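S.K.: Single-letter residue listing:
2 protein chains.
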Amino acid sequence: MAKIAVLGYGVVGSGTVEVFYKNRESLEKKAGESLDIKYILDLRDFPDSPYKDKFTKDFNVILNDPEVTVVCEVIGGIKPSYDFVKNSLQAGKSVVTSNKELVAAKGAELLSIAKEKNVNFFFEASVGGGIPIIKPIHACLEANEIDEIAGILNGTTNFILTKMIRDGMGFEEALKIAQELGYAERNPTADVEGIDACRKICILASLSFGRHVYPENVHTEGITKVTLRDVEYMESYGAKIKLIGCARREDNDEISIGVFPAVIKDESQLAGVNDVFNAILVRGDATGDVVFYGKGAGKLPTASAVVSDIVSAVKHSDTSRSLTWADSDQKFIRPFDLFTSADYIRLATENIDVTKAVVKAVFGNVEYLSSKNQPANELAFITDVMTEKDVLAACEKVADSAEILGRIRVLDY
Amino acid sequence: MAKIAVLGYGVVGSGTVEVFYKNRESLEKKAGESLDIKYILDLRDFPDSPYKDKFTKDFNVILNDPEVTVVCEVIGGIKPSYDFVKNSLQAGKSVVTSNKELVAAKGAELLSIAKEKNVNFFFEASVGGGIPIIKPIHACLEANEIDEIAGILNGTTNFILTKMIRDGMGFEEALKIAQELGYAERNPTADVEGIDACRKICILASLSFGRHVYPENVHTEGITKVTLRDVEYMESYGAKIKLIGCARREDNDEISIGVFPAVIKDESQLAGVNDVFNAILVRGDATGDVVFYGKGAGKLPTASAVVSDIVSAVKHSDTSRSLTWADSDQKFIRPFDLFTSADYIRLATENIDVTKAVVKAVFGNVEYLSSKNQPANELAFITDVMTEKDVLAACEKVADSAEILGRIRVLDY
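Chains A and B, in that order, give the protein sequences.
Heads up: the first sequence begins at 1032 in this note's numbering, then just goes up one per residue.
Heads up: the second sequence begins at 1032 in this note's numbering, then just goes up one per residue.
Okay, derived cross-link-like pairs now, PhoX-like style, lysine-lysine, Cα gap no bigger than 20 Å in a straight line: (1) B/1346 - A/1148; (2) B/1148 - A/1060; (3) B/1146 - A/1060; (4) B/1148 - A/1346; (5) B/1137 - B/1110.
FYI, nobody ran anything at the bench for these hints, they're computed from the structure.
Just so it is clear, the structure is predicted and the values come from calculations on it, not from any experiment.
Turn these sequences into a full structure, and let the hints guide you.
M.R.: As structure tokens, this is what we get:
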């Protein structure tokens, strides 16, 4: 009999308990032994809960109970989660978490403690909610060297962009609807500024490339500067604007990584990912492009990933050799001004001909776009692939004769 | 040191050896021990191969070598693969295979021998080529009850349909190009008649619902009756025609299963899957719809799945408790005339008004479609959801006043 403790009885925590008891019988069959949740840690009281006898407010009760072999942390944030997780691992208990902030900030350290103590530290639910992605990368695509990984990793911003694209709605209005539907927080910064997506691409990159990438070293832009005018140009170009987190292997043992709105051609499997759905593309040297799609958030999808990790932790009571990465001084992260991509650029000018001549001089041949409501003084075009540094320098030169209204990188997935 | 034997040095076999030695170092790290291929079984001679010392023509050399703990069967077909796999398992060796025909025909028996001998029988490469799908279902989505599974499981037919849809090419011409590109065999029956897709949906359904589904009990149609006229109606309807294998949980502990061309609305993640790509949608009760996309065939993608299974077999030297299903008398497969779906129906009539009245009488309210080259005497429409039996009966009634030219089921994924 494996005894489990669930830390936190919020949305994901209560979903975890619900999914666990609903499918307990089949989970026990898969785990090969009987399972039960012994404790639920929450500071609040739940006097009417069918599980009221399991609640405790004292983490030490769990920590000091040798019967508890798997601790499931679904509180979120760093404090007190980090201490709870670290102490649990050090006490020889396996830990399962949905906490992307914690894994992105402390993953290397926690994985190393797990290894030392020969227990598991699993976090399938931290990226892509109910989409299997962490385990497929480390236990299904292991015959590949991963060259690149990219994804729509945040459901809130994807919902907002979908509203802008499909319904021609402005950013502010779309955000308001997302808030009304409960998809966006009252303070939406972590979502709309790309912070959440950044944590997730850090986890995916750390796993794919074997060295920890810390969020503060990742170039991160949100979607607040995307306008309906950009969306209209993309319609005629045959592309969608998506908030993408991406990381790619470069030469010299370096990687490039970033989070930003990107132009994705309609042929891409990522272009058709709408509403709150997420999708992650993994480019392996043997298998080519593989894409994983599903609900990136929500009570039951996330709980389903957490519960699956609980079963894995029970089944494999010793540490996972393949789910691990090393700490790193971050020097393998290539400076973002060397990031290469094509670019979509939109500008206003009093003199179309002069600006076109300047654009040709500094960008070379570009592909001009048109859109249905295009103002007479506006130009939009797609450049060749260039480094970030060169694009910025070129934009500066163009800015003498025109006002740059917008710029979005074009990615080829 | 784990010693491996590879049975068959064709496309997948040589790819397996190539991927293995290319990434050997990282595979050993993940497996936790050193690995080598000791034997390659093939009846042909490969005097110039760098691995020429490993070749043998005698399976018994492998069977009787206690050093060999993992046998990798990539010959295909039932004979002699079935005997090789069965004997290997009975000798206490784990087996990894890409052989969908074998798993669909003998999976329950082979899994039961593996269980009895406490060894592994893995077959990730048998469905979806390089797409991780078998392990994600049994080791990532285990917290779900799977309600439905559906996929584009055959790259050859998807390539042909893509050519018809994108380039307005007829079936025969598209097939010829597929053959020229090496995507279709000279005898294309197994692909175009749905036999290959049927084996794959049998494997997925057996795994998802826990009881073996044998191919001969699955309603199977190919794509030879799909016409360009159908494709044109779908363009105005906003849908694509795809060869789908699908299985769904029904009441009374039954399942429905079938392989046939189906109308898939453009919003579906399956509609945008083009060329030789495959995609599999899994509908779980907790996680909702999850879709896995990638290359469904090809030397390196398939080899990548085989090699990943080899590593798993070494890492988990005891049998997998979650990858298994029971044999079955097939009575849980609901007769296909009770299968429910909406239908697209196309017909020719001398008297549009009379036929419309008959259609209304037997189908109720239907949605009429139009297309760019629609002949004056042709009608096409979408029905409500009905059972197969009722659709056939209704078509018979309509056939008194019109000629049924085509009929394709409409699926809602």
